[in-house]
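Single-letter residue listing:
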Amino acid sequence: MAVAQSLVFQKLRLAFIACGLAWAGLQAYIIHSFGFEWFTALTDSLVSSVLLAAACWLINNNLRYYQPGKGSYANILIWIVALGAAATAGCRYILPFINGGPIYANFMSQSLVIRFFTDFLAIGWMAMISMIWYSQLDQKENEKRKAEAEQLAREAELYNLRQQLQPHFLFNSLNSINALIGFKPDQARKMIHQLSDFLRGTLKKDDQLQVTLNEELQHLNLYLEIEKVRFGHRLKTEISCDEQCGESVMPAMLLQPLVENAIKFGLYDTTEEVVVSIRGELEGNYLELIVQNPYDPKTSRPRQGTGFGLSGVQRRLYLLYARNDLMETHANDNIFTTIIKIPQ
Amino acid sequence: MIKAILIDDEPLARMVVREYLLDFPQIEVLQECGDGFEGLKAIQQLQPDLIFLDVQMPKINGFEMLELVDEQPAVIFTTAFDEYAIKAFEAHATDYLLKPFSKERFNKAVDKFLAQAPVSATIKKDKEELLETAATQSPAQHERIVVKTGTKVKIIPVADVQYLQADDDYVSIITPEGSFLKNKTMSFFEQTLDPRHFVRVHRSYMVSVQEITRIDPYEKDSHLAILKSGAKIPVSKTGYVKLKQVLGI
Chain A
51 MAVAQSLVFQ KLRLAFIACG LAWAGLQAYI IHSFGFEWFT ALTDSLVSSV
101 LLAAACWLIN NNLRYYQPGK GSYANILIWI VALGAAATAG CRYILPFING
151 GPIYANFMSQ SLVIRFFTDF LAIGWMAMIS MIWYSQLDQK ENEKRKAEAE
201 QLAREAELYN LRQQLQPHFL FNSLNSINAL IGFKPDQARK MIHQLSDFLR
251 GTLKKDDQLQ VTLNEELQHL NLYLEIEKVR FGHRLKTEIS CDEQCGESVM
301 PAMLLQPLVE NAIKFGLYDT TEEVVVSIRG ELEGNYLELI VQNPYDPKTS
351 RPRQGTGFGL SGVQRRLYLL YARNDLMETH ANDNIFTTII KIPQ
Chain B
44 MIKAILIDDE PLARMVVREY LLDFPQIEVL QECGDGFEGL KAIQQLQPDL
94 IFLDVQMPKI NGFEMLELVD EQPAVIFTTA FDEYAIKAFE AHATDYLLKP
144 FSKERFNKAV DKFLAQAPVS ATIKKDKEEL LETAATQSPA QHERIVVKTG
194 TKVKIIPVAD VQYLQADDDY VSIITPEGSF LKNKTMSFFE QTLDPRHFVR
244 VHRSYMVSVQ EITRIDPYEK DSHLAILKSG AKIPVSKTGY VKLKQVLGI
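Protein chains in written order, with the working numbering: chain A, 51 to 394; chain B, 44 to 292.
Bound-form chain B, shown alone (with noise of 0.2 Å):
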């Protein structure tokens, strides 16, 4: 038996999958989610092998969903119109389905995925690059970071991220309310935030250009950024140039 779980805002978008996949026994619906929280909820618990996900959903969108995710099921994703999504679909995902879709498009998606071997491996790849695709080209993505603390799942505007922090295969983001790790690269969030606002200012930092309130000289040739917070962040000599031109000075 084929596990299959249905996220999608729209009650009846999930009816269609439904009711399309009467034609496929050996797939059964576990449940269907009204967002991308109980979306992933759902998928941590019960360990779907296969999803279809919409893209533009209430609170965090379907990709920012999947980065939440730790043991990735295939996805098929399912969306009307969104032109950021499937420039990124067209490059790495399984399938995607664009709304409305006919019954034999549906039938050739799951084909597709039943044709598939269940290799992990070639599917967690895909993952990567689908989401360092999507990040990059959607505007959501810029504007906020999702991470997972614990079971709970935070939303974090990115005005109120006060620098980055590498930590070995995370990076933590430090904002007011504390800290949160993110399963992710410092060049990830290179590519992602805005230039002009968050700048690579050592190996393992980057920091909001808007936070800084004093620059110090430290050591030889490397410099010390002060923070509003008080926090102290090492700036190295080719992070010095790119702060100073960030700046303007």
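Looking at chain A on its own, in the form it has when it is part of the complex (with noise of 0.2 Å):
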């Protein structure tokens, strides 16, 4: 891909070259046409057409760099019309200490004007060019960006459906109810509506929609149902979010394998009761999600980066929103914090 990029720059420095050459070679044709000595003709040609090639160079490296907004087109022009000056001015202050004579100085003075407006257009020309040229090298590693997301959204779901029918967690929830129906029947049924319910909630969310905190929720609950039963008195959840709160909209499926990741964590890592909170805050325009699980620092160092599940929403994250900073997590005081901010 580099590799390709750099033949095709380096195919387009060639072609710059060679138009700034046939410039250069016309001017001083016409030049000549004047009545000119072939040598003053070509002197003058060169000067202004490196003056004016550097000025594109110039133009086009900044826009390379910098691409306008909407509302600086008109900075741009100042730009043109700036460096359009110079190069004209270059030519009419270093051309007479080259080509001497009252007829030539004439000839630069009557043919300012005229050699101001070559340069502004040829300069304007360039800044089109290289606008149109990297907008569009832009928009097509835009378009790489969202293909990339959506094959690791599909990934991604592949991997849910595979982590949330993971093994261990079907398998025991069935041993669960396996237990149940000998002693509490009413119980195993309800179970089994449970696990039902959120294996159909898992299959059908689309990994690009967007739902409130609430439905989140909703779908996390039969989740942590479910867990509890599996756990008993061992497992405890806090879930506080208020209303405005719940409203907001998040990806589908992004808080699930946080607070799963914090149960594994909690539940393996102490023999105590663990208690899982769960809260959602608005601020400003994020909406902070904090889950947070005890753990035992002696003899669990907090991984870099932590667990599989975390780096599967941080990657989800960065391909939703381009940004790698929404995910954080924190270890203190036998507390494991995990955080992510969802843009509104």
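Read the hints as simulated data drawn from the structure, not as lab findings.
Be aware that one or more of the hints could be misleading.
What the hints assert, rightly or not - Mimicking DSS-like on lysine-lysine, the simulated pairs with C-alpha atoms at most 27 Å apart in a straight line are:
(1) B:275 with B:287
(2) B:275 with A:314
(3) B:130 with B:146
(4) B:146 with A:278
(5) B:195 with A:348
(6) B:275 with B:102
(7) B:271 with B:197
(8) A:240 with B:146
(9) A:278 with A:240
(10) A:240 with A:286
(11) A:234 with B:151
(12) B:285 with B:271
(13) A:314 with B:197
(14) B:191 with A:314
(15) B:271 with A:348
(16) B:285 with A:314
(17) B:102 with A:286
(18) A:278 with B:46
(19) A:348 with B:146
(20) A:348 with B:155
(21) B:102 with A:348
(22) A:314 with B:84
(23) B:46 with A:348
(24) B:84 with A:348
(25) B:151 with A:314
(26) B:46 with B:102
(27) B:275 with B:285
Note that the structure is predicted; figures quoted are calculated from it, not measured.
Grab the two chains, each in its own frame, and use the hints to assemble them into the complex.
What follows is the structure, given as structure tokens:
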């Protein structure tokens, strides 16, 4: 990819030089046709072409790293005028050192306006081409990212299915149901329904879909109910979010992996009762979701980047919002905290 | 009367086993345990003949718990899904039950146990092989080492280990908090610990490369590795070659 791109740039550079040479030749011919000697015509055309090329290169380079917004076209125009004026002024003050004589000086002062205009047009043309070229490159990049996002979303969906249909969870839940059938058939039936609803929910959810926090929490509750039956009194959850917060939107199935991670981390790292807390807050333009679980700092050092589930969430956030700063984790006072921010 | 203990962190999972065991009046369930620590304590105190053991449990898993047990009872594993564990079982366990299991399957496992003559020698050998396989397969055992100090269980993160020293039938594990004994061989640790992190520099020593500050020549053909803690570890000729490879010098 990078190699192909550098090849394209090399070709463009050659084309640019060829255009410059043609331009200089044409200018030399025109000046010669005014009755000047070839030497005078050539030096004049070379100097002004080099200056013009420098100005073009400058504006092109500028636009390469800075795409003007809608409002800043005036800025570009000012740049073009300034560069055109600079190139013309360069000719005006450099050339008389090379080519003396009153006739040439006269020709120079008379041709200043036309020189300025051709420079202005040439630079403006260059600016326009650069803008179109780079915005097209940008668009390509965007499209690529979008395609990649879709691809990864598909993978994430599969991964989610595998995760949520994750063998451990499923088989253990079935085992719990098996136990309940013997002495609490009603509860067994209830758990079968919860498990079915949860699985159905995961199957039909589209990864690209935006849901409200309330909807996400509803789905999460099915999962939590099942886990609570499995782990009995050891697992407690606290969920808090206010009305306004519940109506904020978020990508579907983003919270569940975080909570799953917190439960696993909490339950397998301590032997006491575990409280997993889930909090939603509106902070400016962001919906903040905070998931906390206890852990034992003596036996499990919070691994860098943390668990597999968390890195998946971070990747998804990046693909959706092109930002890497939307998830953070802290570990202190035996509490492990994961925070994700969702732009509203 | 056959004494049994159930060890599983899910209460309902223990309930199933208890219910299925009603058909075997000769087996008495002495205790139910929710994690490996409790399980270990109960085994030491009650000396059961048979345990039903889950693999994935809080703090220490089923295999790590077994490593710490001195007098090994017969074990029937019960687990939902653990590809590492299943590999280990297939080779060496008395029997294992995949949750959820049917009553018929459960009866078969218990019958197998009942038919087994109480020959501790074969059980002991099976146990060792099982644990060895489990330890080399399962990722948890690459990250930490569990040891017993008196009645307490200590979990040592591998990152805290400075070096290991052979000590008769034991291996001393030296950490900033002190040294701990584990009833294992050096070659066991050579197999389980990450070879990019731990190097067997001598017949009796294995050292964490991150702890080394200096390597000095010492007598003919041998060297001394000086650790951050100031400890001096002898490095044999072949050990020096291995160490140089890992350090990239």
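Looking at the structure, which of the earlier hints fail to hold?
-> 2, 6, 16, 18, 19, 20, 23 and 25
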